[in-house]
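Protein chains: 2
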Amino acid sequence: MFAQIKRILVGRPIATEHQHHERLSKTTALAVFSSDALSSVSYATEAILTILILGGSAALGLSLPIAAAIAMLLLIVGFSYRQTIKAYPQGGGGYIVTRDNLGDLPGLVAAGALLIDYVLTVAVSISAGVAAITSLATNWGFPSLRDHAVEIALVCILIVTITNLRGAKESGVIFSIPTYAFITGILSMIVVGIGHDLVFGAEPVTHSIDPDIPLTGEALSLWLILRAFAAGCTALTGIEAISDGVQAFKPPEARNAAITLTWMISLLVTMFLGITWLAYTHQAVPNEFTHETIVSQIARTIFGVGPVYVFIQVATALILVLAANTAFADFPRLASFLSRDRFLPRQFASRGDRLVFSNGILVLGMFSALLVVIFRANEIAMLPLYAVGVFTSFTLSQSGMVRRHLRLRQPGWLHSVMINGFGAILTAIVLVILMVTKFVHGAWMVITAIPILVLMFRAINLHYRRVAEQLSLSGAILPPELRRHTAIVLVSGIHRGVLPALQYARSIAPDNVTAVYVDLDPDATEKLRARWRDWGCDIPLVVLESPFRSLINPIVRYIEEVETRYGDDVITVILPEFVPARWWEHLLHNQTGLLIKTTLRLRGNVVTSVPYRLER
Amino acid sequence: MFAQIKRILVGRPIATEHQHHERLSKTTALAVFSSDALSSVSYATEAILTILILGGSAALGLSLPIAAAIAMLLLIVGFSYRQTIKAYPQGGGGYIVTRDNLGDLPGLVAAGALLIDYVLTVAVSISAGVAAITSLATNWGFPSLRDHAVEIALVCILIVTITNLRGAKESGVIFSIPTYAFITGILSMIVVGIGHDLVFGAEPVTHSIDPDIPLTGEALSLWLILRAFAAGCTALTGIEAISDGVQAFKPPEARNAAITLTWMISLLVTMFLGITWLAYTHQAVPNEFTHETIVSQIARTIFGVGPVYVFIQVATALILVLAANTAFADFPRLASFLSRDRFLPRQFASRGDRLVFSNGILVLGMFSALLVVIFRANEIAMLPLYAVGVFTSFTLSQSGMVRRHLRLRQPGWLHSVMINGFGAILTAIVLVILMVTKFVHGAWMVITAIPILVLMFRAINLHYRRVAEQLSLSGAILPPELRRHTAIVLVSGIHRGVLPALQYARSIAPDNVTAVYVDLDPDATEKLRARWRDWGCDIPLVVLESPFRSLINPIVRYIEEVETRYGDDVITVILPEFVPARWWEHLLHNQTGLLIKTTLRLRGNVVTSVPYRLER
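Those sequence lines, one after another, are chains A and B. Reminder that position 220 of the first sequence reads as 231 in this note's numbering, one-by-one numbering, no gaps. Reminder that position 177 of the second sequence reads as 188 in this note's numbering, one-by-one numbering, no gaps.
So here's chain A without its partners, still in its complex pose (with noise of 0.2 Å):
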């Protein structure tokens, strides 16, 4: 039953053969990787008004300058990722190239920072989806749905986490629509907006409730502005996504890769800077009571709430969900370098029935769900934990590429140096920017949970090695013959179940076999010592007290005497089990036979399930 109800939701088993097959176009890519970093100026304008406005409506100009600022950032850091795609066509994320070049423990800790990053993507950009349709449905008239945005973000996520289970290639057709609707929807009205505005001149946004807009706010302090810069920066995250999955595009991968990553940057600077450009010409402010994003108050402004307006923001909606798989791409792939390289459990390294890391992408599901909760699918509560986690993954991968070109000295390696170096430099002044100005908003929770994510990965690679060093044959010698056979047979009654576990228990140890059973009702012990002598294939009994009713603790006591007693013996102890005819009768009998098996194997013995199966 559970199978089919998996075989509709994720689909048939692809053959291994068939892997390579599931290659993207640089159009298709783009729509896969990019749409993490596109979605991000849906939301990055309001994060840095959100801030400024603090500081009185006077302040909210200086959302240009900031946005300016970031836009050169983007160039810079887009640039540097070139130098990466081509050092590492074979995919080159923030944990490889940090490992490979800087060693261990700072690939560990972009990996952590990275991990963390993906799963805030899904949460946010799921959120900002959600607040896309909610603003849409305040202005048809239902400003009640906001009250189930809780609701609608957790099914989006569940959507998403299916549509990955079931493989990359679908999710690449179906995701190249709304990505491109997305873009021509935002570059449309950029260039509509812009364009009116200079034949008629702007005109400033109504709001249904007024926002609160301080005149004069806290002191427009330096302080103000580096978190706003910081609240801006949320604008870059995503763009390493191209970088981590270069093999995930056509031959020749890295050319492409590299392409693409030049389209993505120059469409997210221009509608970045367009859309800040907007907000200040029509004078756009985050509005706390109707929770109308930035977008859409600039759009309706523009179009009227008509088709144009409907378009965009269903097209912002489907985009942020997008995003959302972005990290679905990355997470499991991240997850499953880190199994590889044993730091995290095998279960991430190996691919599903349909050629996915289904356990990454399950576990990235389940911690983004948590989030939506947790923040109540408040996207704008959830920046300050964002961007902490990729700019720690920038400064250390760009750090790393710099130290690969000292060490290589390839032609033209000065010029690279100079590239990173100054990436580098530049990411590491943005993240202690980022550290100190969101710490007590939030970043220190993901300030914290870095190093236990990197203390846990060391544990687990501990573990394994641990374990491969006690499992290597080197210096091991074959274990000796075997000796006698010793069979203990845990009997509950004397039933049809039982007679075929005792007959094997006398086929493998012929001359040492006793059935053992637990008296826990002293009628039916009676009643079983008179049917054994008729039945019991002249076994002998062994009847074991039980004063406080367990079961296992008599049977260990009994097994550590044998093992005691014929301590040369191989001792095999067989459980009699039956198996009912439907999957629901399980649930009917005991669960301890499990129980005891679970005892059993921890201790080290040797334990045999004889089944018994009824027919009807």
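Honestly, the hints are just simulated from the structure, not real lab data. Source: prediction; values computed, not measured. Some hints here could point you the wrong way.
[Claimed, not checked] Reference listing, derived: stretches of chain A covered by chain B, where coverage requires no fewer than 3 residues with Cβ under 8 Å from a Cβ of chain B:
#1 478 to 486
#2 499 to 508
#3 584 to 592
[Said to hold, decoys possible] Restraint ranges, calculated between C-beta atoms of paired labels, are given here:
#4 B:467 with A:462: 48 to 56 Å
#5 B:553 with A:351: 26 to 34 Å
#6 A:605 with B:477: 52 to 60 Å
#7 B:191 with A:169: 51 to 59 Å
#8 B:207 with A:451: 56 to 64 Å
#9 B:594 with A:65: 46 to 54 Å
#10 A:115 with B:392: 55 to 63 Å
#11 B:392 with A:237: 48 to 56 Å
Every residue gets a Cβ at the ideal spot worked out from N, C-alpha and C, and that includes glycine.
Using the hints provided, position chain B relative to the given structure of chain A.
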């Protein structure tokens, strides 16, 4: 670790031989078994008034005759139950009496109805207890406590569940004080209140926010009166508890139980009529704004918001929590009867460490918590579901008693037939009134759930009977002596953990062992082949292809082949398993071994685990 937590919460195991010492004296039994019945006076009057108020303020006076009718019903049903206690000194709940005299199907209907009612008892009582506390908090200036009613209720359910898992005797001691405090508090309130009214006249209740009482509401129809009567019948819930638990009394059990029942009915009638009278004279009405209970309104009007008022509210809250405890005594006991008769899974019949039916307690805790969450801890909203079950059981068990008297014709049988017959007819009429008047308000859920439960009971019973037939030894023949052994060792590689399994396989099937490996990665397979020559103990290695990366399917297909080829052999599938040294390390290893074992067990294969313990 889990074992330690359990020890702290539940306590040390109690030996079986202490079982019969856990008996209750009459005063303790009154506390344990009567809290459900007695505590219902804290909401029964309110339930009547909530309906009557729909007819406008003029209708409120009808509460007095309605309460008098319910009091009569109480006396008659109580008197009937004395007959049951006499006839069933070993304990005669609705299920046993009905099944014994009317047969399986009516017995199961009674059982299903009672199980549902016990879950409701917990949910309603705990929610009403929380309402007593939030009313107190409101009068002390903390009205916002009402917003956390659900959380408080869930914590209370958890505490009661754990207390019951610890065992009945301790419960008795803990629970006596609040029950007697409640009785003292309510009786004092009635005496002082009526006395004060006679001397000085009754002053009306004042409200911080006045409730919305329509002067004229819907027409004062018979329908409205019947609905109010049906609502007040919740006062009868719980009076069957004593007859269900006669065995828990000290000897002579039946006599002590009958005396306790008489005390309980007298107290119940006095308190119910007293509260209804005071509610009438002081014009107390349900307040939909403050959610203050009727008892709270009366108590503070009579005593002021002083220590006596606090005493009454706290005692009310505590006895309501204890009322939930009655269900925690009854539900697991009824479930154990059903389990003993094979209508519920066996697990409900086995006593846990502390001699209580732990599984019944846990299931009740979970379902009642679910109800509290669904109904947001609003006991008035749950009342329409309540009492249908208990009146179903009243009617069936009284009818059963009539049948019994007619059959046995013991001395005085005619007198007994008249008492029980009158009780049966009366409760049947009330049951019809309850079902009709409450149907659309929620009773439909119970009316549809009962047949579903009955079907479940019968399906479980059918299963157990089929299993017993199939396992019966009558006509069985001893299976033939076992022929040659064939062993298949499933290996995931070659390391020290595999060697003992290979040796074990050779020892049980010296001439017919193969090792089987599933090829998921060609490189790993090549390595394994190379090392197998040195370490394979001369056992042939079979490598299975797996184009869809499944481990199970190729293994099952291979075993099918072997079964065809060596049809006469006993085939044993051997799994080498290594056992990590620390518990968390188990999470790090593929759980596929468990999946393989389960699959093979369902096929009927003999499966042997050969563990290899890691030291660190």
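Comparing the hints with the structure gives:
no. : hint                         : verdict
1   : 478 to 486                   : holds (count 5)
2   : 499 to 508                   : holds (count 4)
3   : 584 to 592                   : holds (count 4)
4   : B:467 with A:462: 48 to 56 Å : holds, 52 Å
5   : B:553 with A:351: 26 to 34 Å : holds, 27 Å
6   : A:605 with B:477: 52 to 60 Å : violated, 23 Å
7   : B:191 with A:169: 51 to 59 Å : holds, 53 Å
8   : B:207 with A:451: 56 to 64 Å : holds, 58 Å
9   : B:594 with A:65: 46 to 54 Å  : holds, 50 Å
10  : A:115 with B:392: 55 to 63 Å : holds, 59 Å
11  : B:392 with A:237: 48 to 56 Å : holds, 53 Å
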